[in-house]
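Q: Chains as they are written, first to last, in our numbering: chain A, 1 to 93; chain B, 94 to 186; chain C, 187 to 437; chain D, 438 to 688.
Hints are computed from structural coordinates only; laboratory data are not their basis. A hint or two may mislead.
[Said to hold, decoys possible] Computed, partial: chain C to chain B, Cβ under 8 Å:
#1 Ile-224
#2 Lys-256
#3 Val-284
#4 Asn-423
[Claimed, not checked] A short list of chain A residues far from chain D (calculated; beta carbon distances all over 10 Å):
#5 Val-7
#6 Arg-46
#7 Leu-83
Note that beta-carbon positions come from the ideal geometry of N, C-alpha and C, so glycine has one too.
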Amino acid sequence: MNRLKTVLFIMFSFAAGGLFSLAMGKEKWSGVDEAVLEKFAEEAGRVPLEPVFNTDQGDLLLFFFFLFGSLAGFIAGYLFRELFPPKKEKKGK
Amino acid sequence: MNRLKTVLFIMFSFAAGGLFSLAMGKEKWSGVDEAVLEKFAEEAGRVPLEPVFNTDQGDLLLFFFFLFGSLAGFIAGYLFRELFPPKKEKKGK
Amino acid sequence: MEAVAIRMNISLRFVFAFLFFVGAFYTDAFAMHIADGILPAGWCAFWWVVVLPFIVAGISKIKNESKKDKTFKPFIGLIGAAAFIISCLPVPVPFAGVTSHPVGVGIAAIILGPLIAVVIASVTLTLQALFLAHGGLGTLGADIFSMGVVGGFLGYGIFVAVRRLGFSWVTAAFLAGLLSDWGTYASTSALLTLALHEVDSLLPMFASLVIAFSPTQIPLGIMEGFISAFAIRFIKNRMPEFSLGAMKGKL
Amino acid sequence: MEAVAIRMNISLRFVFAFLFFVGAFYTDAFAMHIADGILPAGWCAFWWVVVLPFIVAGISKIKNESKKDKTFKPFIGLIGAAAFIISCLPVPVPFAGVTSHPVGVGIAAIILGPLIAVVIASVTLTLQALFLAHGGLGTLGADIFSMGVVGGFLGYGIFVAVRRLGFSWVTAAFLAGLLSDWGTYASTSALLTLALHEVDSLLPMFASLVIAFSPTQIPLGIMEGFISAFAIRFIKNRMPEFSLGAMKGKL
Numbered sequence: 001m002n003r004l005k006t007v008l009f010i011m012f013s014f015a016a017g018g019l020f021s022l023a024m025g026k027e028k029w030s031g032v033d034e035a036v037l038e039k040f041a042e043e044a045g046r047v048p049l050e051p052v053f054n055t056d057q058g059d060l061l062l063f064f065f066f067l068f069g070s071l072a073g074f075i076a077g078y079l080f081r082e083l084f085p086p087k088k089e090k091k092g093k
Numbered sequence: 094m095n096r097l098k099t100v101l102f103i104m105f106s107f108a109a110g111g112l113f114s115l116a117m118g119k120e121k122w123s124g125v126d127e128a129v130l131e132k133f134a135e136e137a138g139r140v141p142l143e144p145v146f147n148t149d150q151g152d153l154l155l156f157f158f159f160l161f162g163s164l165a166g167f168i169a170g171y172l173f174r175e176l177f178p179p180k181k182e183k184k185g186k
Numbered sequence: 187m188e189a190v191a192i193r194m195n196i197s198l199r200f201v202f203a204f205l206f207f208v209g210a211f212y213t214d215a216f217a218m219h220i221a222d223g224i225l226p227a228g229w230c231a232f233w234w235v236v237v238l239p240f241i242v243a244g245i246s247k248i249k250n251e252s253k254k255d256k257t258f259k260p261f262i263g264l265i266g267a268a269a270f271i272i273s274c275l276p277v278p279v280p281f282a283g284v285t286s287h288p289v290g291v292g293i294a295a296i297i298l299g300p301l302i303a304v305v306i307a308s309v310t311l312t313l314q315a316l317f318l319a320h321g322g323l324g325t326l327g328a329d330i331f332s333m334g335v336v337g338g339f340l341g342y343g344i345f346v347a348v349r350r351l352g353f354s355w356v357t358a359a360f361l362a363g364l365l366s367d368w369g370t371y372a373s374t375s376a377l378l379t380l381a382l383h384e385v386d387s388l389l390p391m392f393a394s395l396v397i398a399f400s401p402t403q404i405p406l407g408i409m410e411g412f413i414s415a416f417a418i419r420f421i422k423n424r425m426p427e428f429s430l431g432a433m434k435g436k437l
Numbered sequence: 438m439e440a441v442a443i444r445m446n447i448s449l450r451f452v453f454a455f456l457f458f459v460g461a462f463y464t465d466a467f468a469m470h471i472a473d474g475i476l477p478a479g480w481c482a483f484w485w486v487v488v489l490p491f492i493v494a495g496i497s498k499i500k501n502e503s504k505k506d507k508t509f510k511p512f513i514g515l516i517g518a519a520a521f522i523i524s525c526l527p528v529p530v531p532f533a534g535v536t537s538h539p540v541g542v543g544i545a546a547i548i549l550g551p552l553i554a555v556v557i558a559s560v561t562l563t564l565q566a567l568f569l570a571h572g573g574l575g576t577l578g579a580d581i582f583s584m585g586v587v588g589g590f591l592g593y594g595i596f597v598a599v600r601r602l603g604f605s606w607v608t609a610a611f612l613a614g615l616l617s618d619w620g621t622y623a624s625t626s627a628l629l630t631l632a633l634h635e636v637d638s639l640l641p642m643f644a645s646l647v648i649a650f651s652p653t654q655i656p657l658g659i660m661e662g663f664i665s666a667f668a669i670r671f672i673k674n675r676m677p678e679f680s681l682g683a684m685k686g687k688l
């Protein structure tokens, strides 16, 4: 019962977040950097430039996020196995 | 010289791809699934529904792609180290 | 000699460039993720029914094989994770101006056999439908059929056949990777055509679909061929005793 | 007892909910990635000059330490990859309706020391600026200052201080993770205020920035505290002899 309440609360809080950002006229779950710093910078008369390589086009950003995520994960997993090998006593039994 | 040509050719081919998709009135580097299947399905009178959990909102999709990429990469790296441990002969030298 | 090679190289490039331009102009490219709502409910159910026995057989195969061989489970994890990563990547394709996905299922079928490749494809496609906004739950059966069953069995079959014909491991792996990719996308085209064609335009629609995905899938299929060849060569070098999937016994 | 705990739990939730709503209403949230064009060129150069000695010292420290300890290099790789993953994740924050990034630098500073944390932050932020459309190259100095120098030294200092006061490893790690996150975002706010304030509104602008990022960074900072505590407890359990960074010697 209590677990159900927690799950409902979490679902509600995310839904509220999404609806709230929509109500404020922002894109749902927009990143804090872009949408926000741009607004703020414009108030101060500064215009953010495009990145050197603008990867924020279509699914290109998904490609780079996924590629870098999987590479970093691979490195982390490989070195984790090297530094923390599974205890052999447990496996032997 | 030949390497420079290759690099230039690759850069040109990607730039051409991006400009070409823009010229065709599509979003640059859009994913083949969404933009296209939707058009095609509409011709046949079928309307694609939203995903069950619509994660394609703001940076939410980046979050899931990065999370799943790094998890899968971690698993792959961990098991890779287990199945293919570095050769000790080479390391000894 | 070298000048000729370079010239051939350049003309090959222009052939590819031309193909991409024509393909991208003709219509947009297609992928193996069919979203919910695109297939009629009857077809969704049909492909679920077709696909279910393969999944059940694959799961029971995993249970049996993992008792025999201790390296089997970690290999399923490694190849499953790798296939997931490969099939999630929205690779930007030069000239086409769109991103498309490799399938990664050919290599899984070579190393673990086609039934287990179906299970890996099912898990991958389910995660993509639930969390990555690619594909749908009703159309999951159709997507599993294209990527898992067609891609998996085609990759496995091509590998075995090319090996039996006496070609090298690397050649067999390259062709298996290449044709499992193309087979998957051809299957998706066929599924769509069957479900959505008007009565008199079955073949033209299939042809237009095949032409539509060639700008992205010709280069991506070749890429998958190389990935697959590289992986098999790596396994043969580092683990000469390896004997699972299509690499079992004398093959 | 349990009823009281649940009631406290519920009221805590409403306090948080209220904070998020107020914060999100006041203005949008901010992050540590300042894009090119936002800071004037003079400030960009200034932060590059400030940050450069830290990077140089960090690199030479990596060279020296890796000669002494064989596990040092793999630890840099592991912690570097982990910090990269943590700081790239655009975590959706409930109630705020936006995504924001943890920093991951506190844990790097505890395990490897603050100078090496600066190097890790530099590599991470450079990759993000080049390929992930987060931050810029001119503003990289400012971003490295906030995340690497402030986040790293704050995390390290807090950990050492809390340990010296006699608290547990886990408590020290939690506070270091929490405050390195908050410190990073406070530093970004200060940088922006210094560069962009109108003459008479230095403190109000800083305060409005701090309020603006509290809806995302209060929960994310707490999350980073838990991640950091969990990691340190794991290392102490699995590798009791571990002695690098802030975990060296008697601490």
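Q: With reference to the structure, classify each hint as holding or not holding.
A: Okay, the hints, checked on the actual structure:
With 8 Å as the threshold, the beta carbon of C:Ile-224 comes within range of chain B, its nearest partner Cβ sitting at about 5 Å, so the hint holds. Because the smallest distance between the Cβ of C:Lys-256 and any Cβ of chain B comes to about 11 Å, over 8 Å, the interface hint for this residue is violated. Among the interface hints, the one on C:Val-284 holds; its C-beta lies about 5 Å from the nearest C-beta in chain B, closer than the 8 Å criterion. Interface restraint check for C:Asn-423: the shortest CB-CB distance to chain B comes to about 10 Å, outside 8 Å, so the restraint is violated.
Against the 10 Å criterion, A:Val-7 stays outside the reach of chain D, whose nearest CB is about 13 Å from its own CB. With a least CB separation of 5 Å from chain D, A:Arg-46 falls inside the 10 Å interface cut-off, contrary to its annotation. The non-interface label for A:Leu-83 is inconsistent with chain D: the shortest C-beta to C-beta separation is roughly 5 Å, within 10 Å.
Comparing the model with each numbered hint stated earlier shows that hints 2, 4, 6 and 7 do not hold.
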